[in-house]
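Listed here are the chains, written in short residue letters.
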Amino acid sequence: MATEQTAEQKSTSSQDASADALLIARVLQGEKEAFYELIRAHEKSVYLTALSVLQNSSDAEEVSQDAMLKAFHHLADFRGESRFGTWLIKITLNEARMRLRKQHRHMWESIEGQSEEDESDYVSEEFGDWREIPSEALERKEIREVISNAVAALPEIYREVLVLRDIRQLSVAETAEVLSVRKEVVKTRLVRARLRLRDMIAPVTTSRGLFSRNPFRRGKRPWS
Amino acid sequence: MVLNCKDVRREISNYLDDDISPEMRAALEAHLAQCKHCTAILDGTHNVLVLIADDRAFPLPAGFSARLHERLRRELESV
Numbered sequence: 000m001a002t003e004q005t006a007e008q009k010s011t012s013s014q015d016a017s018a019d020a021l022l023i024a025r026v027l028q029g030e031k032e033a034f035y036e037l038i039r040a041h042e043k044s045v046y047l048t049a050l051s052v053l054q055n056s057s058d059a060e061e062v063s064q065d066a067m068l069k070a071f072h073h074l075a076d077f078r079g080e081s082r083f084g085t086w087l088i089k090i091t092l093n094e095a096r097m098r099l100r101k102q103h104r105h106m107w108e109s110i111e112g113q114s115e116e117d118e119s120d121y122v123s124e125e126f127g128d129w130r131e132i133p134s135e136a137l138e139r140k141e142i143r144e145v146i147s148n149a150v151a152a153l154p155e156i157y158r159e160v161l162v163l164r165d166i167r168q169l170s171v172a173e174t175a176e177v178l179s180v181r182k183e184v185v186k187t188r189l190v191r192a193r194l195r196l197r198d199m200i201a202p203v204t205t206s207r208g209l210f211s212r213n214p215f216r217r218g219k220r221p222w223s
Numbered sequence: 000m001v002l003n004c005k006d007v008r009r010e011i012s013n014y015l016d017d018d019i020s021p022e023m024r025a026a027l028e029a030h031l032a033q034c035k036h037c038t039a040i041l042d043g044t045h046n047v048l049v050l051i052a053d054d055r056a057f058p059l060p061a062g063f064s065a066r067l068h069e070r071l072r073r074e075l076e077s078v
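Those protein sequence lines, which keep their order, are chains A and B. Numbering follows numbering that gives the first Met the number 0, in which position 207 of the first sequence is assigned residue number 206; successive positions increment by one, without gaps. Numbering follows numbering that gives the first Met the number 0, in which position 62 of the second sequence is assigned residue number 61; successive positions increment by one, without gaps.
Please keep in mind that the hints were generated in silico from the structure rather than gathered at the bench. Each residue gets a CB set at the ideal place from its N, CA and C atoms; glycine is no exception. Among the hints, erroneous ones may be present.
Stated by the list, open to error - Residues from chain B shown here face chain A by an in silico Cβ test under 8 Å; the list is partial:
hint : residue
1    : 0
2    : 22
3    : 50
Unchecked claim - Chain B is nowhere near these chain A residues, computed Cβ spacing over 10 Å in every case:
hint : residue
4    : 15
5    : 101
6    : 180
7    : 201
Let's have the full structure, built from the sequences with the hints guiding it.
Below, the structure written as structure tokens:
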């Protein structure tokens, strides 16, 4: 996806922001029920963001709930400088990282301690003729587990950027804002995350005989 | 501009995002036209991105929304 939004995306984004602004105003006027509507579209992003840090479903769910509550209590502080969803994800990421620190798991996988490797040193493996997994395959738990395990196996700095950018489809700028890093850092991490993920998933899927050819074509976005 | 495989790996992600200069695009496509290995990496990475962007790839745990709303209801009542 291009970093710059298309006119259609800008329009949709603007409509979403307007709808969110109305809901936020209703909540702030005391209509608590409007908060459920406000967060509905963001539940999965919040959960997957928490999971990308904590790697444990129960912890991620609890942190998701904590983050939603924190967002409710601090809703008056939301200035609309970013999308509501981006603000909420940032709260979630901070909550998840605080939880991780409390659990002392950073001794094993430190956010600060993970080095930015040069992606050009990474040798991507060759698996012959890559073929696409048909969309219906995602109905199979086995295939979902392959993907989920591969994402889980990424180092945290790569997992976070992949979840935000490629799974929840934030823009590069929004991903950078959530992670408090420069856009160039997002792009660098993204190269490594994508190549590693491909190398983990390709051997498994290539051996299943499920596939049809789907080469990348210029101008076609990966997720379109 | 002539690219080697290492250069292509560095730019492959920007190419997929269509976030690349016309000169770099031309050089990258010239390399891809004669390098099966880099083409396989490009196609594979593209396919992985298609998979993980699918909403079914990462479902919420069963009952997630109900438990979330229940906790919110409990805590918001006391506000």
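Which constraints among the numbered hints does this structure fail? Numbers only, ascending.
Structure breaks hints 1, 2 and 7.
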